[in-house]
Each structure stands twice: as C-alpha cells, then as structure tokens.
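Engineer: Same order as they appear, the protein sequences are chains L and P. Be aware that the first sequence starts at 1, since it is given in the numbering used here, and climbs by one per residue. Be aware that the second sequence starts at 1, since it is given in the numbering used here, and climbs by one per residue.
Heads up, a few of these hints could be off.
What the hints assert, rightly or not - Computed list of lysine-lysine pairs in DSS-like fashion (alpha-carbon distance at most 30 Å, straight line):
1. P:57 <-> P:15
2. L:109 <-> P:15
3. P:11 <-> L:109
4. L:51 <-> L:112
5. P:57 <-> L:70
6. L:51 <-> P:57
7. P:11 <-> L:112
By construction, these hints were calculated from the structure, which means they are not laboratory data.
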Amino acid sequence: GQQLNQSPQSMFIQEGEDVSMNCTSSSIFNTWLWYKQDPGEGPVLLIALYKAGELTSNGRLTAQFGITRKDSFLNISASIPSDVGIYFCAGVTRFMNYGGSQGNLIFGKGTKLSVKP
Amino acid sequence: GAGVSQSPSNKVTEKGKDVELRCDPISGHTALYWYRQSLGQGLEFLIYFQGNSAPDKSGLPSDRFSAERTGGSVSTLTIQRTQQEDSAVYLCASSSTGNSPLHFGNGTRLTVT
Numbered sequence: 001g002q003q004l005n006q007s008p009q010s011m012f013i014q015e016g017e018d019v020s021m022n023c024t025s026s027s028i029f030n031t032w033l034w035y036k037q038d039p040g041e042g043p044v045l046l047i048a049l050y051k052a053g054e055l056t057s058n059g060r061l062t063a064q065f066g067i068t069r070k071d072s073f074l075n076i077s078a079s080i081p082s083d084v085g086i087y088f089c090a091g092v093t094r095f096m097n098y099g100g101s102q103g104n105l106i107f108g109k110g111t112k113l114s115v116k117p
Numbered sequence: 001g002a003g004v005s006q007s008p009s010n011k012v013t014e015k016g017k018d019v020e021l022r023c024d025p026i027s028g029h030t031a032l033y034w035y036r037q038s039l040g041q042g043l044e045f046l047i048y049f050q051g052n053s054a055p056d057k058s059g060l061p062s063d064r065f066s067a068e069r070t071g072g073s074v075s076t077l078t079i080q081r082t083q084q085e086d087s088a089v090y091l092c093a094s095s096s097t098g099n100s101p102l103h104f105g106n107g108t109r110l111t112v113t
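Using the sequences plus the hints, can you model the full thing?
Structural biologist: Okay, here's the thing in structure tokens:
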C-alpha cells in the first residue's frame, strides 16, 4: 500500500536553531498536511498544502508541497523550547471509486523533536 | 463543543473483556476517522465514516474490532475479547466533506492487563 517515509526519526534542537524534516513517497498525493502532537494530546494541524509547488508559512513554520506531489518538507526557524514534540506528515488520497471527494490520510511515522541535553 | 471529544480518556481493562470507546465529532463534520497509535509509533488507520456508512474498514485489525456511527454524529469503537496487543491510544478525528484536514480528539488510552 501507500507509505510515507518521514525523516529524521528524531532530532535534538537547541534554542534558536533552525529545524528541517521531510516526507517522501513513491505515490502521488493530492494534499500534504503537517501535524504536531504533544504528550497526552491528539495531533494538531500546523499547515495544509493543496497544490504542487505550494509554499506556505505559519509563523516560524514553513512547509512546501513538492512539485512531483510525492514529497513535502517542514522547516521551523529559530526554534524555541515549546517546539518539542512529535511532528507528523500526512498525505491525502482520494477514493475515486466512491464517486466523491472523500479522502483518507496516510501518516508518516513522525519526527520527535527533543531539547539538546 | 468546539473540538472533537473522546471518552473515556483512559481505560484499563482485563484481558478478554469488551470495551467501548466513544467519539463526539465537531458539529457538522460528516467525515469521521478512527486511528490507533501504539507507544512511540505513528498513526494506524482503522476505519472511516462518511455520514453513517463506512466506505473503508480496511484498517480494522480483526473481527474483534467494530465501529458504528449513528445520526451522522457520535461514533463508538468496540473491541471484543480484548488482548494485550490492543493496548494503545485510540484517536478519533473528524473533517468536513471533501479535501479537508482532520481535527483530532485527545484520544483514549487503552491498557489491557
């Protein structure tokens, strides 16, 4: 089935550093989403990308929908301690056989951001 | 409420017992999803509802798992004869129709002893 390869699996950040993570797939997706999950909570949507080549910012976050529609990256600039958590990419497919615009998300396995000891 | 609500937030049950998990989606959202997240893992798709029907149940791990949705709103995920490997966080999400991002609840943490 369709899979997303998200990297890195984990990384340590020092306050003020820029952070970058990405997702790739052998399949084409219609939409790319980036979520952040804090402990004990559900994932929260950070950025949604709907068009190939689209570059979208949300504060210190910037994400791009790859031109091939098979990849996306997320950058965090000038990281702060509250950026720690798990970041998930997700690609949206469409079930065309259902005759409508219904979708399902395929999630990457996440990138865990921790503070450098 | 303003967001997706799940209950209970935590559930501890003995192996072999049945459990029922509840999800209240955002009002007006017609699409509802159940995901499972094991410790340190990503999100595993279980089932998707559009209205009261489930076009995709392909993620349900076994016939011990079932879900229903009534009135186009509340959904319950039922796990029969729970096993220890069922221990995980079960997340519910909803979205409006079409290509809309999912909004997640905080999940139910299930522990099977």
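Engineer: Would you mind marking each hint as holding or not holding in the structure?
Structural biologist: Each hint tested on the structure:
In summary, the hint linking residue 57 of chain P to residue 15 of chain P is supported, as the alpha carbons are separated by about 24 Å, within the 30 Å threshold. Restraint check for residue 109 of chain L and residue 15 of chain P: satisfied, since their Cα atoms lie roughly 28 Å apart, inside the 30 Å limit. Proximity of residue 11 of chain P to residue 109 of chain L is assessed by CA-CA distance (about 25 Å); at most 30 Å being required, the pair is judged to hold. The suggested pairing of residue 51 of chain L with residue 112 of chain L holds, with an alpha-carbon distance near 27 Å, which does not exceed 30 Å.
Between the alpha carbons of residue 57 of chain P and residue 70 of chain L the distance comes to roughly 25 Å, so the proposed pair stays at or under 30 Å and holds. With a C-alpha separation of about 28 Å, the suggested pairing of residue 51 of chain L with residue 57 of chain P holds against the 30 Å cut-off. With a CA separation close to 26 Å, the supplied pair residue 11 of chain P and residue 112 of chain L stays within the 30 Å bound.
Figure legend: structure checked against the earlier numbered hints; every hint is met.
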